[in-house]
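**Student:** Listed below are the residues making up each chain.
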Amino acid sequence: MSRLDIHKTYKLYIGGKFPRTESGRYFPITDKKANVIANMCLASRKDFRNAVVVARNSQNAWASTSALNKGQILYRIAEMLEGRKEQFIKEIENQGSTRKRAIKEVEAAIDRLVYYAGWSDKYQQIFSAVNPVSSAHFNFSAPEPMGVVSIIAPEEHGLLGLVSAVAPALVGGNTVVVLASGTLPLCSISFAEVLHSSDVPAGVVNILTGDKKELIPHMASHMDVNAIIYCGKDADEIKKISQLSSNNLKRNIFYKKTDWFNEHTQSPYFIEKTQEIKTTWHPTKI
Amino acid sequence: MIPNLNNLPSYDTLGVMERVDRFCKRSIKNTSKVEGLKLALSMIDLTTLEGKDTPGKVKQLCYKAMHLHENLNNIPTVAAICVYPTYVKIAKNELKGSDIQVASVATAFPSGQSSLATKLMDTKFAVEQGADEIDMVISRGEFLAGQYNFVFDEIAAIKEACGEAHLKVILETGELDTLDNVRKASEIAMYAGADFIKTSTGKIQPAATMPVTYVMLDAIKDFYLKTGKMIGMKPAGGISTSKIALQYLVMLNEVLGERWMDKNYFRFGASSLANDILMQLVKSETGFYQSSNYFSKD
Amino acid sequence: MTKISDKNIFTASWSYDKALESTDHVYIKDQYELFVNGDFIKPVEGKYFNTVNPATNKVISRVAEASAADVDMAVMAAKKAFKKWSALSGKERGKYIFRIARLIQERAKEFAVIESLDGGKPIRESRDIDIPLAANHFFYYAGWADKLSYAFPNRKPSPVGVAGQIIPWNFPLLMAAWKLAPALATGNTVVLKPAETTPLTALKLAEIIKESGIPDGVVNIITGAGQTGAALVEHPYIDKIAFTGSTAVGKFIKNAIAGTSKRLTLELGGKGANIIFEDAAIDQAVEGIVNAIFFNQGHVCCAGSRLFVQESVADLVIDKLKQRMNSLMVGDPLDKNTDIGAINSKKQLETIESYIRIGKDEGGEIYQPKCKVPKEGNWCPPTLFLNVSQSHRIVQEEIFGPVLAIQTFRTIDEVIEKANNTPFGLSAGVWTDKGAKIFHLTQKLNAGVVWANTFNKFDATSPFGGYKESGFGREGGLHGLKPYVKFD
Chain A
1 MSRLDIHKTY KLYIGGKFPR TESGRYFPIT DKKANVIANM CLASRKDFRN AVVVARNSQN
61 AWASTSALNK GQILYRIAEM LEGRKEQFIK EIENQGSTRK RAIKEVEAAI DRLVYYAGWS
121 DKYQQIFSAV NPVSSAHFNF SAPEPMGVVS IIAPEEHGLL GLVSAVAPAL VGGNTVVVLA
181 SGTLPLCSIS FAEVLHSSDV PAGVVNILTG DKKELIPHMA SHMDVNAIIY CGKDADEIKK
241 ISQLSSNNLK RNIFYKKTDW FNEHTQSPYF IEKTQEIKTT WHPTKI
Chain B
287 MIPNLNNLPS YDTLGVMERV DRFCKRSIKN TSKVEGLKLA LSMIDLTTLE GKDTPGKVKQ
347 LCYKAMHLHE NLNNIPTVAA ICVYPTYVKI AKNELKGSDI QVASVATAFP SGQSSLATKL
407 MDTKFAVEQG ADEIDMVISR GEFLAGQYNF VFDEIAAIKE ACGEAHLKVI LETGELDTLD
467 NVRKASEIAM YAGADFIKTS TGKIQPAATM PVTYVMLDAI KDFYLKTGKM IGMKPAGGIS
527 TSKIALQYLV MLNEVLGERW MDKNYFRFGA SSLANDILMQ LVKSETGFYQ SSNYFSKD
Chain C
585 MTKISDKNIF TASWSYDKAL ESTDHVYIKD QYELFVNGDF IKPVEGKYFN TVNPATNKVI
645 SRVAEASAAD VDMAVMAAKK AFKKWSALSG KERGKYIFRI ARLIQERAKE FAVIESLDGG
705 KPIRESRDID IPLAANHFFY YAGWADKLSY AFPNRKPSPV GVAGQIIPWN FPLLMAAWKL
765 APALATGNTV VLKPAETTPL TALKLAEIIK ESGIPDGVVN IITGAGQTGA ALVEHPYIDK
825 IAFTGSTAVG KFIKNAIAGT SKRLTLELGG KGANIIFEDA AIDQAVEGIV NAIFFNQGHV
885 CCAGSRLFVQ ESVADLVIDK LKQRMNSLMV GDPLDKNTDI GAINSKKQLE TIESYIRIGK
945 DEGGEIYQPK CKVPKEGNWC PPTLFLNVSQ SHRIVQEEIF GPVLAIQTFR TIDEVIEKAN
1005 NTPFGLSAGV WTDKGAKIFH LTQKLNAGVV WANTFNKFDA TSPFGGYKES GFGREGGLHG
1065 LKPYVKFD
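Read top to bottom, the protein sequences are chains A, B and C.
Just so you know, my numbering puts 64 at position 64 of the first sequence, and the rest follows in order with no gaps.
In short: position in the second sequence from 1, add 286, done, that's my numbering.
In short: position in the third sequence from 1, add 584, done, that's my numbering.
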């Protein structure tokens, strides 16, 4: 008698916990042969609302965490993901990829995490300035995180796309609420498990699975979200986001690229886009 | 006379935290550890200050104070019991024959938001009931509004109402915002007649911390150098483990030294600390880590 | 008003039992070879020398003495490894360096204990400062390896080649990290020579280098004394030299390589001015004085060894300082409660004691608290010299020990002039509550590192280095990459 395995239940990741959607709804994900591999939670606007609350509550502490610490945490996420490589490769294969491409995606995701871990204590050095004002003042400009960022992850590359959008916002001191790819959502929740074992404080990263059309309006209009990152090319969605963001002047960041393996899809400018610049003056005359 | 508050030293918070960190890194072992634990035990003001306190609760606490742990020999008793004024008489009765003091909170504890008349009555009542020590709260609102004379006069008035009882002045450091303010409040309290200055009511967060305690010890040091008078100090709230208590004692040892290492000049306002110290003492004797099941909870 | 220090009113009564860090789990071999081309090899001439625990003067181990032939082998190995190492993608190079950082963290306690045994510094400092800073330094630079195109606007950086690195005995592992990390991240290969009195943590680092899988020859660690160093400096295939040590030797090196195309960075001595204004947070300033000159027994190039205290608060500050010194514990480096450990070597102790004699002869007023020190070993109590001036030798020359020279000053301009009145220019400290004063002074003091309301703070992201005869070049931060790259 061969052994029956235990199927995983895919829930949401909010506030460091794995709750089901409060709406109780689901949507199935099938493999190439149309077999159902998993029932994903169909997140509601209330799940999104709850995620924003925990993201806000944890943002001050995350922003105040030292750059060194943030870097070490991101490196730890990479360590944990490397350890679980096989699990992710299988998940990606199951959702319709070849093994070769799955390996490539997982390795690229791990390396990207290491890449951004390395920026944690350096982007400030390249994006700051001491400004030689003409009055007797010491004047400096430095980046600060925007705050709570909602993210619509890319459709393609369920793992690499998510990591590419989340890591720079995270290392820049923001807390995030991410809506995973609708067609390739499995890795996003498994990735939540990786985050959970990597010293990432509760509420700093929150991951929802669900329907873009239903959630985008809320992700774009919520008054307590400071910025929204949208990965995709749909002109209507982009327009809608821009319009709804006007209500609190939410910063808009649009990434239209789809080839997330390209080296141009990682750079310190992905971090910079999630930062405000603060300039401080102090007299130097005695 | 209200002291000159314009020439007080200022404190650099990060610098104070670094000094505190050095105290916390001391490693206290073997004989010096047992000595420290016993000293800490002798300095505890065993406290119950809850809205739901009853005579029964207070009586049980008093019994515990006199019978900390039957299996341990050569341990000191705690310094005092600290209760609301309505329980002073009961406590005094239960503690007869021991040298454990009865301390009572007063002056509309914990907020202090009441008239002077009420506070004086509160104090006098506690003293009449037999309190050996009075723990009063300062008016933080007036302090933050810069009404230092008001704060000073109030303390002086309560001191008078205390008669023979010793006065501890609670600064409620968690509401004072900066270390410089803690210094200022300490100064006012000492000059107004405090016998002890105390950090907190224990009813808000943060309660006692090592940085504010450091500043208060520093204030006591300077006061002694100026006037020759020794003032006591009591951190209260949040000191729940032996480890933390020992860190405070290290700081006391290295800042004020031998003459203050005594229950007449230093107290811990704590409740669960006593049992933790007892567990540590038993562990020192037997070599085994202990369980709270073997230590009475009263 | 009573003086705090005179009458011992505040003497600590509770004495702490010894709290020795355990050495059971620490592995030190009886003999160490040279680490060349990925292996531990015996020195060609078969010579070894002892390394001693300065707290007991007992031999801990013996290490190889690299002759000119050994140096040659090491440099050739580094040269050979350079092609592949520099061609490796930054991403992959960085991964090796991240591994080194992690491995140090995993073996942190062992490194800390060996550092204290070999060099004499208190375990509290090696455990809480040296080792974490060293691991963090590798962590920081690992991240730069694949990001160099962002570091220099409009310039394409490439590695210099083979770096010869000579480090001192005061922060052995940390100095090794400061040298290796930026060099490797930028694609260079390295030959490193640790100081002869403190070779052990560098040799343990060699074990980690091997464990990390870094290709053979990329890092070579060779032990020896002055002659080994000279051979390294003079080797024709060394492209860049990084030296931390005394100003005298630094000048010698610069002279020796004149006319060659070898690049050079130097991190040399100092006589840091630590300035306390009347409006400083006095209690923290006193603690700052202690951290500035007694940290690591004063074996610190950037030590605040010249105290300038504004006359209006001089009595108060000195009084508080003396009382604080009375509570410093001098003793066994492995005791977790020790504040001041052993002087690194007999030779250094002789140097310090000779300066103390000079100070007395010159008429300085000496203060030393009574300290109980162990019978064996090299010890020096924390020492103050009062009533000295810029003209005293002990105020001009670097003592490199726990000896502080104290002067008073009256005005801002006066103290700036005196602080800058020295051939050195490594560090300075300013203590005041007034912001504008801080900025005014930090702008006017001629030192590579200025600390305001703090002292002896180091971070991998923060560039460190001197002005004038304290050396040139920076280590740490973005600026720390520059010495190891060239531009097309």
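By construction, these hints were calculated from the structure, which means they are not laboratory data.
Virtual Cβ for every residue (Gly too), placed ideally from N, Cα, C.
One or more of the hints may lead you astray.
With the C-beta cut set under 8 Å, the calculated list includes, among others, these residues of chain C facing chain B [as the list claims (entries may be wrong)]:
id: 1; residue: Ser599
id: 2; residue: Ala603
id: 3; residue: Thr607
id: 4; residue: Asp608
id: 5; residue: Arg708
id: 6; residue: Glu862
id: 7; residue: Gln868
id: 8; residue: Ser911
id: 9; residue: Lys920
id: 10; residue: Asp1017
id: 11; residue: Gly1019
id: 12; residue: Ala1036
id: 13; residue: Asn1037
id: 14; residue: Asn1040
id: 15; residue: Phe1071
id: 16; residue: Asp1072
With a straight-line Cα cutoff of 20 Å, these simulated DMTMM-like cross-link-like pairs (lysine to aspartate or glutamate) come out [to be verified]:
id: 17; chain 1: A; residue 1: Lys213; chain 2: A; residue 2: Glu193
id: 18; chain 1: C; residue 1: Lys602; chain 2: B; residue 2: Glu446
id: 19; chain 1: B; residue 1: Lys311; chain 2: C; residue 2: Glu795
id: 20; chain 1: B; residue 1: Lys569; chain 2: C; residue 2: Glu998
id: 21; chain 1: C; residue 1: Lys956; chain 2: B; residue 2: Glu540
id: 22; chain 1: C; residue 1: Lys906; chain 2: B; residue 2: Glu571
id: 23; chain 1: C; residue 1: Lys679; chain 2: A; residue 2: Glu237
id: 24; chain 1: B; residue 1: Lys311; chain 2: C; residue 2: Asp1017
id: 25; chain 1: A; residue 1: Lys104; chain 2: C; residue 2: Glu676
id: 26; chain 1: C; residue 1: Lys679; chain 2: A; residue 2: Glu107
id: 27; chain 1: C; residue 1: Lys675; chain 2: A; residue 2: Glu237
id: 28; chain 1: B; residue 1: Lys324; chain 2: C; residue 2: Asp601
id: 29; chain 1: A; residue 1: Lys285; chain 2: C; residue 2: Asp601
id: 30; chain 1: B; residue 1: Lys512; chain 2: C; residue 2: Asp601
id: 31; chain 1: A; residue 1: Lys285; chain 2: C; residue 2: Asp1017
id: 32; chain 1: A; residue 1: Lys285; chain 2: C; residue 2: Asp923
id: 33; chain 1: A; residue 1: Lys85; chain 2: C; residue 2: Glu676
id: 34; chain 1: C; residue 1: Lys602; chain 2: B; residue 2: Glu461
**Student:** For each hint, tell me whether it holds in the structure or not.
**Tutor:** Right, here's what the structure says about each hint:
no.: 1; hint: Ser599; result: holds, 7 Å
no.: 2; hint: Ala603; result: holds, 3 Å
no.: 3; hint: Thr607; result: violated, 15 Å
no.: 4; hint: Asp608; result: violated, 16 Å
no.: 5; hint: Arg708; result: holds, 6 Å
no.: 6; hint: Glu862; result: violated, 11 Å
no.: 7; hint: Gln868; result: holds, 3 Å
no.: 8; hint: Ser911; result: holds, 5 Å
no.: 9; hint: Lys920; result: holds, 4 Å
no.: 10; hint: Asp1017; result: holds, 5 Å
no.: 11; hint: Gly1019; result: violated, 13 Å
no.: 12; hint: Ala1036; result: violated, 10 Å
no.: 13; hint: Asn1037; result: holds, 5 Å
no.: 14; hint: Asn1040; result: violated, 11 Å
no.: 15; hint: Phe1071; result: violated, 39 Å
no.: 16; hint: Asp1072; result: violated, 44 Å
no.: 17; hint: Lys213(A) <-> Glu193(A); result: violated, 26 Å
no.: 18; hint: Lys602(C) <-> Glu446(B); result: violated, 48 Å
no.: 19; hint: Lys311(B) <-> Glu795(C); result: violated, 32 Å
no.: 20; hint: Lys569(B) <-> Glu998(C); result: violated, 60 Å
no.: 21; hint: Lys956(C) <-> Glu540(B); result: holds, 17 Å
no.: 22; hint: Lys906(C) <-> Glu571(B); result: violated, 39 Å
no.: 23; hint: Lys679(C) <-> Glu237(A); result: violated, 39 Å
no.: 24; hint: Lys311(B) <-> Asp1017(C); result: violated, 28 Å
no.: 25; hint: Lys104(A) <-> Glu676(C); result: holds, 16 Å
no.: 26; hint: Lys679(C) <-> Glu107(A); result: holds, 13 Å
no.: 27; hint: Lys675(C) <-> Glu237(A); result: violated, 36 Å
no.: 28; hint: Lys324(B) <-> Asp601(C); result: holds, 16 Å
no.: 29; hint: Lys285(A) <-> Asp601(C); result: violated, 51 Å
no.: 30; hint: Lys512(B) <-> Asp601(C); result: violated, 34 Å
no.: 31; hint: Lys285(A) <-> Asp1017(C); result: holds, 14 Å
no.: 32; hint: Lys285(A) <-> Asp923(C); result: violated, 39 Å
no.: 33; hint: Lys85(A) <-> Glu676(C); result: holds, 18 Å
no.: 34; hint: Lys602(C) <-> Glu461(B); result: violated, 40 Å
In terms of the numbered hints stated before, the structure departs from hints 3, 4, 6, 11, 12, 14, 15, 16, 17, 18, 19, 20, 22, 23, 24, 27, 29, 30, 32, 34, listed from lowest to highest.
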